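The chain contents come next:
Number of protein chains: 2
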Amino acid sequence: MHAGDFPLTLTHVLRRMRTVHGGSEVVTQVDDDGRTVRTTYADLGARIDSLAAGLRSLGVDQGDRVATLAWNSQEHLEAYYAVPCLGAVLHTVNLRQSPEQVAYTINHAGDRVLIVDDSLVAGIAAVLPELRTVEHVVVIGARDIGDTDGTDGTGDIGGVPQVIRYDELLAAHQGATVEWPELDERLDAALCYTSGTTGNPKGVAYTHRTLMLHTLVMGAHDTFRVSEQDRLLSVVPMFHAMGWNMPYIAGMLGADLILPKSYLQPAHLVRLIEDEKITGSSGVPTIWMDVLRHADEHHSDLSTLSNVLVGGTQVPPTLMRAFDEHYGVSIVQGWGMTEILPGATVAHDPPRPSGQDRWTRRAMAGRISPLYEVRITDEAGDVLPSDGIAVGEIEIRGPIVATEYYRNPEATEATFHDGWLRTGDVGTADQRGWLRITDRAKDVIKSGGEWISSADLESGLLAHPAVLEAAVIAVPDPRWSERPLACVVTTTDVAPEELNEFLADRFEKWWLPDSYVFLDALPRTGTGKFDKKVLRSRLAHGETDT
Amino acid sequence: MHAGDFPLTLTHVLRRMRTVHGGSEVVTQVDDDGRTVRTTYADLGARIDSLAAGLRSLGVDQGDRVATLAWNSQEHLEAYYAVPCLGAVLHTVNLRQSPEQVAYTINHAGDRVLIVDDSLVAGIAAVLPELRTVEHVVVIGARDIGDTDGTDGTGDIGGVPQVIRYDELLAAHQGATVEWPELDERLDAALCYTSGTTGNPKGVAYTHRTLMLHTLVMGAHDTFRVSEQDRLLSVVPMFHAMGWNMPYIAGMLGADLILPKSYLQPAHLVRLIEDEKITGSSGVPTIWMDVLRHADEHHSDLSTLSNVLVGGTQVPPTLMRAFDEHYGVSIVQGWGMTEILPGATVAHDPPRPSGQDRWTRRAMAGRISPLYEVRITDEAGDVLPSDGIAVGEIEIRGPIVATEYYRNPEATEATFHDGWLRTGDVGTADQRGWLRITDRAKDVIKSGGEWISSADLESGLLAHPAVLEAAVIAVPDPRWSERPLACVVTTTDVAPEELNEFLADRFEKWWLPDSYVFLDALPRTGTGKFDKKVLRSRLAHGETDT
Numbered sequence: 000m001h002a003g004d005f006p007l008t009l010t011h012v013l014r015r016m017r018t019v020h021g022g023s024e025v026v027t028q029v030d031d032d033g034r035t036v037r038t039t040y041a042d043l044g045a046r047i048d049s050l051a052a053g054l055r056s057l058g059v060d061q062g063d064r065v066a067t068l069a070w071n072s073q074e075h076l077e078a079y080y081a082v083p084c085l086g087a088v089l090h091t092v093n094l095r096q097s098p099e100q101v102a103y104t105i106n107h108a109g110d111r112v113l114i115v116d117d118s119l120v121a122g123i124a125a126v127l128p129e130l131r132t133v134e135h136v137v138v139i140g141a142r143d144i145g146d147t148d149g150t151d152g153t154g155d156i157g158g159v160p161q162v163i164r165y166d167e168l169l170a171a172h173q174g175a176t177v178e179w180p181e182l183d184e185r186l187d188a189a190l191c192y193t194s195g196t197t198g199n200p201k202g203v204a205y206t207h208r209t210l211m212l213h214t215l216v217m218g219a220h221d222t223f224r225v226s227e228q229d230r231l232l233s234v235v236p237m238f239h240a241m242g243w244n245m246p247y248i249a250g251m252l253g254a255d256l257i258l259p260k261s262y263l264q265p266a267h268l269v270r271l272i273e274d275e276k277i278t279g280s281s282g283v284p285t286i287w288m289d290v291l292r293h294a295d296e297h298h299s300d301l302s303t304l305s306n307v308l309v310g311g312t313q314v315p316p317t318l319m320r321a322f323d324e325h326y327g328v329s330i331v332q333g334w335g336m337t338e339i340l341p342g343a344t345v346a347h348d349p350p351r352p353s354g355q356d357r358w359t360r361r362a363m364a365g366r367i368s369p370l371y372e373v374r375i376t377d378e379a380g381d382v383l384p385s386d387g388i389a390v391g392e393i394e395i396r397g398p399i400v401a402t403e404y405y406r407n408p409e410a411t412e413a414t415f416h417d418g419w420l421r422t423g424d425v426g427t428a429d430q431r432g433w434l435r436i437t438d439r440a441k442d443v444i445k446s447g448g449e450w451i452s453s454a455d456l457e458s459g460l461l462a463h464p465a466v467l468e469a470a471v472i473a474v475p476d477p478r479w480s481e482r483p484l485a486c487v488v489t490t491t492d493v494a495p496e497e498l499n500e501f502l503a504d505r506f507e508k509w510w511l512p513d514s515y516v517f518l519d520a521l522p523r524t525g526t527g528k529f530d531k532k533v534l535r536s537r538l539a540h541g542e543t544d545t
Numbered sequence: 000m001h002a003g004d005f006p007l008t009l010t011h012v013l014r015r016m017r018t019v020h021g022g023s024e025v026v027t028q029v030d031d032d033g034r035t036v037r038t039t040y041a042d043l044g045a046r047i048d049s050l051a052a053g054l055r056s057l058g059v060d061q062g063d064r065v066a067t068l069a070w071n072s073q074e075h076l077e078a079y080y081a082v083p084c085l086g087a088v089l090h091t092v093n094l095r096q097s098p099e100q101v102a103y104t105i106n107h108a109g110d111r112v113l114i115v116d117d118s119l120v121a122g123i124a125a126v127l128p129e130l131r132t133v134e135h136v137v138v139i140g141a142r143d144i145g146d147t148d149g150t151d152g153t154g155d156i157g158g159v160p161q162v163i164r165y166d167e168l169l170a171a172h173q174g175a176t177v178e179w180p181e182l183d184e185r186l187d188a189a190l191c192y193t194s195g196t197t198g199n200p201k202g203v204a205y206t207h208r209t210l211m212l213h214t215l216v217m218g219a220h221d222t223f224r225v226s227e228q229d230r231l232l233s234v235v236p237m238f239h240a241m242g243w244n245m246p247y248i249a250g251m252l253g254a255d256l257i258l259p260k261s262y263l264q265p266a267h268l269v270r271l272i273e274d275e276k277i278t279g280s281s282g283v284p285t286i287w288m289d290v291l292r293h294a295d296e297h298h299s300d301l302s303t304l305s306n307v308l309v310g311g312t313q314v315p316p317t318l319m320r321a322f323d324e325h326y327g328v329s330i331v332q333g334w335g336m337t338e339i340l341p342g343a344t345v346a347h348d349p350p351r352p353s354g355q356d357r358w359t360r361r362a363m364a365g366r367i368s369p370l371y372e373v374r375i376t377d378e379a380g381d382v383l384p385s386d387g388i389a390v391g392e393i394e395i396r397g398p399i400v401a402t403e404y405y406r407n408p409e410a411t412e413a414t415f416h417d418g419w420l421r422t423g424d425v426g427t428a429d430q431r432g433w434l435r436i437t438d439r440a441k442d443v444i445k446s447g448g449e450w451i452s453s454a455d456l457e458s459g460l461l462a463h464p465a466v467l468e469a470a471v472i473a474v475p476d477p478r479w480s481e482r483p484l485a486c487v488v489t490t491t492d493v494a495p496e497e498l499n500e501f502l503a504d505r506f507e508k509w510w511l512p513d514s515y516v517f518l519d520a521l522p523r524t525g526t527g528k529f530d531k532k533v534l535r536s537r538l539a540h541g542e543t544d545t
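So the protein lines, in turn, are chains U and A. Once you know that position 517 of the first sequence is 516 in numbering that gives the first Met the number 0, the rest is easy, because the numbers rise by one and skip nothing. Once you know that position 327 of the second sequence is 326 in numbering that gives the first Met the number 0, the rest is easy, because the numbers rise by one and skip nothing.
Because the hints were derived from the structure by calculation, they are not lab data. None of these values were measured; they are calculated from a predicted model. Be aware that a few hints might be false.
To be verified - Which chain A residues stay away from chain U? Per the calculated CB distances, all over 10 Å, these:
| id | residue |
| --- | --- |
| 1 | 107 |
| 2 | 161 |
| 3 | 357 |
| 4 | 406 |
| 5 | 410 |
| 6 | 440 |
Stated by the list, open to error - If the Cβ cut is set under 10 Å, some of the chain A residues that face chain U in the computed set are:
| id | residue |
| --- | --- |
| 7 | 15 |
| 8 | 21 |
| 9 | 61 |
| 10 | 63 |
| 11 | 227 |
| 12 | 370 |
| 13 | 418 |
Ideal placement from N, C-alpha and C gives every residue a C-beta, glycine not left out.
So that you can see chain U by itself, here it is in the shape it has in the complex:
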């Protein structure tokens, strides 16, 4: 026997959370008036025991999949621990998907139990009869979920044999103490499906080991910088890459966790920041743009907030500067994917910042975090120098990086090779591990054989005072193969010429968009990113203005 026989499993986090950090707090907003429900990690531990005993009574065993279709709440957090620590796999279903996609992922995963918010039952009622493997539906909340099978109105869900209320399941097992099984660290703990823009969603299974290692890395000062002193606002949905792993990071390190359920409107978030004295958070840029706008309008007090890890898509420098200047809040850009979890790079200020350099650095995707390694490859798959100049596809590897898609050999074959993951992101890496992402591979604009970065043009446009939103896409061009077209939302009327003049300060002339489309709002994906696929399709069908 050797050191290391003690496995890296979430069971350790569960034990640590309910004892060492038993005094730390979990707060869930439960209604539109901002009412909250509060508990401690110690009390949460007791409820996790009850939930685990309840799931066992439903027949959940090691290796079984249990789905959640839920907002960020205490109950969802309880499932985050009870399911993996039983040795089962937590499948966090993306509630922003279409009902058909929800059904596809649940069938693909073969989930035996579905835990669902009462408010979300109606939305998937139509596809419930298609769920081939679900034996039990556990409903969070006391709301009447209607008579979905048209028989007697008692809350039956058509086609599904068993409907149980979450609270009743826990009450039936109150005071239960669970003998948690000893698990192998390479056992799957959780399962997320990527909201792929083409084809069916692809599943990424996280082992206990993966989630534990990510939890350890994100405690570091130069990554997510979480400690027991923190009160974290969990804005990222718990169905997106495990809520960026914040639930386990908080549990391991003892940070308080504030869960907003579906109340993600800026007024709610700003009130939570003020009332709950939030110190840290995370999310996509659009959410934090909304928060900024609301806070500016209402002279909000964001003084407790210190670090916000923002990613999912390029973070506009204007957003970072505004938070820094108005509120002293560090909006720190990070880069991640479902396949690699968030924070694979983080763009903290270098130790010795110096004027210009500071914002140049902070506008980058960030520096590679411990346990991750990156390289740049060209279209032939050859490795390019990490010199900050050569542009190519970013490949990544490490013990946190997935090595396959769940039950999907074709997608696995196309994406993973020789221990490396093709990220589909295009950019540069320098010798100190700083990444600049110029585009998603599919968003790349190739004009006259040279790459034009849509992300850079978007940042440039957003710096214009009249521009609220911007998305630049490629349109076919007979001479140059592709040329950039900019879709923008502006506060006042502004001429395309003025915008190009504004961009000309920062970009080569041949980078400037050939045409502009002015919209009332940009279409967004389920994750809140601008949906370029929809833009391309609309524009292909001649819809050039609204």
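Fit chain A to the known structure of chain U by using the hints.
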């Protein structure tokens, strides 16, 4: 294939250090005048390649053991990476041991190569012929090492076939690029022997995984709190529990590393703190008591220093308060052992400190760190409650905790059981993971069936203005079985009655020492701790005063 196939090996740290943190600095003090040699992690990487190529040329292969007998220096640091990343095992020999113990550990480990400081060759010359497995001796430094075999004075070392100068070995392989092998994370990377107070030293082998996990845990804010912003003074000898793992922590997180070689006198350390703008360090209390005294006398500038992790033995609260009040330096108590590495507990201020509570907490061994779990057992081996009251032996487990002694089944059998390590430390644990260590099991004083804490009495005595050093030991007593005897070093004459009166404010009457012995200095072990074994033996032989 699943996430996690990428192993947790030090090779990742090596790659990261020389690229991502290639600009960070390594500084070695090389003479008594304070002259330093400086390099970057990038340049260090090139030298590590040369060393690895050199070691390979000497026949070092995977699984082989390579010994170092060296102070903290750049060369020692190079061996820290080259040896384990070749798949060989770095045996850091304790140079404070007797030559016979040095020979015992090298023979026991079966080291094939010995890398030794020129200044240390003479000290082990007598036992060199007894080293049965060493084929090559590599000498760091250019100093004449004498004619140890009495033949020709050219620097031959008697009985050892091959003597090579370290610098010549590197020069012969300058510019080499090494294909680092892919290693299993459960391969042994390093080997330390504990300076056991009885019997032969016992070896603890650290796997790559163990050192990597410790490195990750120690980056956290509530443990060692290291980041790229830090300049770490590596005071703990690199042969004690891997220099408390600071070399790898610094390499992984990009902290600068300042190595004092043998210049550990307070004047040198204080000058390094001032000149090199040290931000963090670690060590045993005695070293930091000496630093405090020197700094106070010379009005030194310790303003850059922020955190010092101190452990190895109980840290006197007076030391912590003085550093806090005079310099604003946080002396943070930690607890560790060779078998568990340092920082298994760390006594940072709780998030919401409150007057008295702050110093009570900080006087404890600390709170259990992530990846460690503890429990308290009685003499029958039954588990006692973690209520902060029940006193018993502390047991610990986790993926960083050793599970055996190297090639020593008897010692393994006596210390490890059911995944737990019997630490030999006695104390309490509370439900929030805070440990109070009242004694080493062998230092316990059991009087009338009740435990008296020698560590508590020592802290109490040190609070008296005239007391410089204090060690309390048990002496046999016909009525109470054992009674405490205090050995003290004082600045002025002070009567035992006065000291007992001073202690009476804090302790029950039956805790007070029955007798005092006044000494000029307390004997110390090789690691700088007070040597109670020597005290007990001296006192048993009637030596009660000096």
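Query raised in the report: Looking at residue 357 (chain A) again, its CB stays over 10 Å from all of chain U?
Result: At about 15 Å from chain U, residue 357 (chain A) clears the 10 Å cut-off, so the statement holds.
Query raised in the report: At a threshold of 10 Å, is the proposed contact between residue 21 (chain A) and chain U supported by beta-carbon distances?
Result: Interface hint status for residue 21 (chain A): holds (7 Å vs cutoff 10 Å).
Report task. Test the statement that residue 161 (chain A) is away from the interface with chain U: the closest C-beta pair must be farther apart than 10 Å. Result -> For residue 161 (chain A), whose nearest Cβ neighbour in chain U is about 32 Å away, the distance exceeds 10 Å, so it holds.
Report task. Take a quick look at residue 406 (chain A) and tell me if its Cβ sits farther than 10 Å from every Cβ on chain U, holds or violated. Result -> Its Cβ never comes within 10 Å of chain U, the nearest being 12 Å, so this holds.
Requested in this report: Please verify that hint: residue 63 (chain A), Cβ, nearest Cβ of chain U, below 10 Å or not.
Outcome: 18 Å, violated
Report task. Would you assess whether residue 440 (chain A), listed as outside the interface, keeps its beta-carbon beyond 10 Å of every beta-carbon in chain U? Result -> The assertion about residue 440 (chain A) holds, with a minimum of 22 Å to chain U.
Report task. Could you check if residue 61 (chain A) really has its C-beta closer than 10 Å to a C-beta on chain U? Result -> For residue 61 (chain A), the interface hint is violated, since the closest Cβ of chain U sits about 16 Å away, which is over 10 Å.
Query raised in the report: Is the interface hint for residue 15 (chain A) satisfied, with its Cβ closer than 10 Å to some Cβ of chain U?
Result: Since chain U brings a Cβ to about 7 Å from residue 15 (chain A), closer than 10 Å, the hint holds.
Query - Status of the hint placing residue 418 (chain A) at chain U (closest C-beta pair under 10 Å) - result: This interface hint holds because 7 Å falls under the 10 Å limit.
Query raised in the report: Can we confirm that no CB of chain U comes within 10 Å of the CB of residue 107 (chain A)?
Result: With a cut-off of 10 Å, residue 107 (chain A) remains clear of chain U, as the shortest Cβ separation is near 18 Å.
Query raised in the report: Going by Cβ atoms only, is residue 227 (chain A) closer than 10 Å to chain U?
Result: At 5 Å from the nearest chain U Cβ, residue 227 (chain A) passes the 10 Å test, so the hint holds.
Requested in this report: With 10 Å as the threshold, tell me whether residue 410 (chain A) passes as away from chain U on beta-carbon distances.
Outcome: 14 Å, holds
The structure is inconsistent with the numbered hints 9 and 10, although it conforms to all the rest.
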